[in-house]
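Engineer: Sequence:
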Amino acid sequence: MALFVFNSASKMVSSPLVIIRFILICVTLLCNSLAEAKMNPTPNIVLILTDDLDVSIGGMMPLVKTKKLIGDAGITFTNTFVASPLCCPSRASILTGKYPHNHHVVNNTLEGNCSSTAWQKTQEPETFSAFLQKHGTYQTFFAGKYLNEYGSKKAGGVEHVPPGWDHWFALERNSKYYNYTLSVNGRAQRHGQNYSEDYLTDVLANISIDFLENKSNRRPFFMMVSTPAPHSPWTAAPQYESSFPNIKAPRDPNFNIHGKDKHWLIRQAKTPMTNSSVEFLDNAYRKRWRTLLSVDDLVEKVVRKLEVRGELSNTYIIFTSDNGYHTGQFSLPMDKRQLYEFDIRVPLLVRGPNIKPNQTSPLLIANVDLGPTILDIAGYNVNETQMDGMSFFFIMTGKGNSSTWRSDVLVEYEGEGSSISDPACPLLGPGVSECFPDCVCEDSYNNTYACVRTVSQAANLQYCEFDDNEVFVEVYNLTADPFQLSNIAKSIDQEVLEKMNHRLMMLQSCSGQSCRTPGVYDSQFRFDPRLMFSSLVAHRNKRRQTLK
Numbered sequence: 001m002a003l004f005v006f007n008s009a010s011k012m013v014s015s016p017l018v019i020i021r022f023i024l025i026c027v028t029l030l031c032n033s034l035a036e037a038k039m040n041p042t043p044n045i046v047l048i049l050t051d052d053l054d055v056s057i058g059g060m061m062p063l064v065k066t067k068k069l070i071g072d073a074g075i076t077f078t079n080t081f082v083a084s085p086l087c088c089p090s091r092a093s094i095l096t097g098k099y100p101h102n103h104h105v106v107n108n109t110l111e112g113n114c115s116s117t118a119w120q121k122t123q124e125p126e127t128f129s130a131f132l133q134k135h136g137t138y139q140t141f142f143a144g145k146y147l148n149e150y151g152s153k154k155a156g157g158v159e160h161v162p163p164g165w166d167h168w169f170a171l172e173r174n175s176k177y178y179n180y181t182l183s184v185n186g187r188a189q190r191h192g193q194n195y196s197e198d199y200l201t202d203v204l205a206n207i208s209i210d211f212l213e214n215k216s217n218r219r220p221f222f223m224m225v226s227t228p229a230p231h232s233p234w235t236a237a238p239q240y241e242s243s244f245p246n247i248k249a250p251r252d253p254n255f256n257i258h259g260k261d262k263h264w265l266i267r268q269a270k271t272p273m274t275n276s277s278v279e280f281l282d283n284a285y286r287k288r289w290r291t292l293l294s295v296d297d298l299v300e301k302v303v304r305k306l307e308v309r310g311e312l313s314n315t316y317i318i319f320t321s322d323n324g325y326h327t328g329q330f331s332l333p334m335d336k337r338q339l340y341e342f343d344i345r346v347p348l349l350v351r352g353p354n355i356k357p358n359q360t361s362p363l364l365i366a367n368v369d370l371g372p373t374i375l376d377i378a379g380y381n382v383n384e385t386q387m388d389g390m391s392f393f394f395i396m397t398g399k400g401n402s403s404t405w406r407s408d409v410l411v412e413y414e415g416e417g418s419s420i421s422d423p424a425c426p427l428l429g430p431g432v433s434e435c436f437p438d439c440v441c442e443d444s445y446n447n448t449y450a451c452v453r454t455v456s457q458a459a460n461l462q463y464c465e466f467d468d469n470e471v472f473v474e475v476y477n478l479t480a481d482p483f484q485l486s487n488i489a490k491s492i493d494q495e496v497l498e499k500m501n502h503r504l505m506m507l508q509s510c511s512g513q514s515c516r517t518p519g520v521y522d523s524q525f526r527f528d529p530r531l532m533f534s535s536l537v538a539h540r541n542k543r544r545q546t547l548k
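One point on numbering: in full-length UniProt numbering, the residue at position 12 of the sequence shown is 12, and numbering is uninterrupted.
Just to be clear, a hint being listed does not mean it is correct.
[Stated by the list, open to error] Straight-line alpha carbon distances no greater than 27 Å define the calculated DSS-like cross-link-like pairs of lysine-lysine that follow: (1) LYS68 with LYS356; (2) LYS270 with LYS248; (3) LYS176 with LYS154.
Hint data in this document are derived by calculation from the structure and do not stem from the laboratory.
Assemble the whole structure, with the sequences as input and the hints as a guide.
Structural biologist: Structure follows, in structure tokens:
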């Protein structure tokens, strides 16, 4: 803009009117900029992580308020899977955005790298929370279960506070409801069994509310709340102890039947189950639902507090679980760890700015995508990390082309077994674990497998290989067989088997960007049989050497 004019003598003189106009325009632009910043401030993020919450056998049904306040107010992803159906490996995948073969957490023990000193040195500095804190914008808060071996004396005790957390209220070891210890910013806080002071789900809700009330209002926040429910010992709050008196585990087509064409561990289950076993699992199913009512209360408290503070409209709230669960499917009493939908599929609900309400998405999501998505929401470049997952932020907000989204994900699990026989079940011999009184076992050292889970317009398929003497293969067409009753490994087209084997090998050796290459049913997939491995053993032995 011209600030000066010339008179007839060609002398430059200032024009007060022009200057005033310039000032007004500058003020207007500044106000618009401030208004835009106020309308689109850096968003807050809340991640609520439950423990062992399934979606395939009715786990979300008690969570009426959660579905209303998050799912109905935003988007529900109907095809969400975990990288491993066990607590610690799965949680490590959430935190790092990596598959187990890259973060090297294989089970819930220190020896399996669960919260070990090696994990602390190599992986904790690479978690999404560490990135959030490193860049200084977000204030970060954690409350609840972290990793199963967190707080172990051999790995620093509760004095250890992982990088990335400004406010730290972490449970020592595994899920409990009473008689536990919290690490409060590195100092032990012991709790007893007084409901009003100690019931963990409620304690987490109260700590979360206190944080929201007392945090800085000048910086956005990231808050992660990790509940014990519905993990065993399934202790309900007193007011919910009598809820759901008539509820039973669902009698789906795969309930209490023999898995005749499956891996030997599934075939060893006794069918039909005894009446006492069915009664036990029905009771456990009810107890799980009862613990979830307190989770529902926690979600409501957090959402209402954000609403009262005027922060709800600028906050993304993510609700999910670390793995699924089973109660009687294929005559397995109860646990997780298996490759089937009930153990690897989890709920995922998200609400937040620019997410339209009442949406559902069938696109394939893995829990390795949570870290990249959180960083993307926060405005960080995910490509600068070593994460294997992809951000689904653009899917939630409808700002991208979902046709380019991936069509498959990897699921990995390394089985565990005792080196000695269980005296109560001598006929089983060594190598099994998680055995019930009727000598049905939920795990074994060769219950080690890897799967490609495919969801696309062309296929809804699961391909799995076991690391055992048979290199046993299981394949399921989930469109025709949603309950995975028939293993079609011996009848499916041989070319499909070869391509899936190739894809599995590629995914098991992937890292970062290479984990996001086109799947078998993508038009860009390229199949070169010369790159196929003859078996999984050589690759997995190499992976195990990295853990030693």
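Engineer: Hey, LYS176 versus LYS154, does the alpha-carbon distance stay inside 27 Å?
Structural biologist: 21 Å, holds
Engineer: Hinted pair, alpha-carbon criterion (27 Å max): LYS270, LYS248. Please report holds or violated.
Structural biologist: Distance of about 20 Å is within 27 Å: holds.
Engineer: Mind checking the alpha carbons of LYS68 and LYS356 for me, to see if they're no more than 27 Å apart?
Structural biologist: Given that 27 Å is the threshold and the Cα spacing comes to 14 Å, the pair holds.
No hint from the list above goes unmet by this structure.
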